[in-house]
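Could you put together the complete structure from these sequences and hints?
Going by my numbering, the first residue of the sequence shown is number 1, and it counts up by one from there.
Don't take every hint at face value.
[Said to hold, decoys possible] In the DSSO-like style, the derived pairs of lysine-lysine whose C-alpha atoms are separated by at most 30 Å in a straight line are: (1) 20 - 71; (2) 13 - 71; (3) 115 - 71; (4) 20 - 8; (5) 8 - 71; (6) 165 - 115; (7) 8 - 115; (8) 13 - 115; (9) 166 - 115.
If you are wondering where the hints come from, they were derived from the structure by calculation, not from laboratory data.
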Amino acid sequence: MKKDTHRKNIEFKETQLRHKEFAGITFADCSFIDCEFTETLLSDCVFERCNFNMVHFAQTRLNGVVFHNCKLTGTDFSDCNDLLMTVRFEQCLLDYASLSRKNFSQTMFNTCSIKDVEFSETNLTGAIFTDCNLEHTIFQRANLTETDFRTAQNYSINLDANFLKKTRFSLSGLPGLLERYDIEIDL
Numbered sequence: 001m002k003k004d005t006h007r008k009n010i011e012f013k014e015t016q017l018r019h020k021e022f023a024g025i026t027f028a029d030c031s032f033i034d035c036e037f038t039e040t041l042l043s044d045c046v047f048e049r050c051n052f053n054m055v056h057f058a059q060t061r062l063n064g065v066v067f068h069n070c071k072l073t074g075t076d077f078s079d080c081n082d083l084l085m086t087v088r089f090e091q092c093l094l095d096y097a098s099l100s101r102k103n104f105s106q107t108m109f110n111t112c113s114i115k116d117v118e119f120s121e122t123n124l125t126g127a128i129f130t131d132c133n134l135e136h137t138i139f140q141r142a143n144l145t146e147t148d149f150r151t152a153q154n155y156s157i158n159l160d161a162n163f164l165k166k167t168r169f170s171l172s173g174l175p176g177l178l179e180r181y182d183i184e185i186d187l
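In structure tokens:
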């Protein structure tokens, strides 16, 4: 018997998804508004055009998960289980999300709005921010080793409050690195 690997147009609004396991499933046009994922495993899942506004992931494992064109406004990833955590965000709205104290090493953020987000004590080693808007986003005690910001816009990073080594920036991003020093730069 063939296993159904697609879920479409399902509304999980204000649902508690406890101790569930979803593997190899594509969710399209689903709504998870105000859902609570607790000790759930999401493995090799793809979410397309899904709404995750105000979702909380408590001890949930995200392994090989792709969010494509999803709304994740106000979503809290800070309590996710770090074990084998691998995610990718493509054309997502991540404004006001919490991504603090997590391992987002090697994570791809592609063409995302990431405004007013907090990356405090976050491991972003090797992460790539391609064409992302990082307006009012906070990086505090974050590991930015080999992180790529070359095509990101509107970021402001305190060089003294984060760990940077071989971090990549474009010349146009220089003001966002030096604004705290109250100096003027003519480009």
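Against the structure, the hints come out as follows:
1. 20 - 71: Satisfied, since the Cα-Cα distance of roughly 22 Å is no more than 30 Å.
2. 13 - 71: Holds - the C-alpha atoms of residue 71 and residue 13 are around 14 Å apart, at most 30 Å.
3. 115 - 71: Holds, because 13 Å separates the two Cα atoms, which is no more than 30 Å.
4. 20 - 8: 18 Å, holds
5. 8 - 71: 16 Å, holds
6. 165 - 115: 24 Å, holds
7. 8 - 115: Holds, at roughly 28 Å.
8. 13 - 115: 24 Å, holds
9. 166 - 115: Cα-Cα ~24 Å, so holds.
Checked against the numbered hints listed earlier, the structure breaks none of them; every hint is satisfied.
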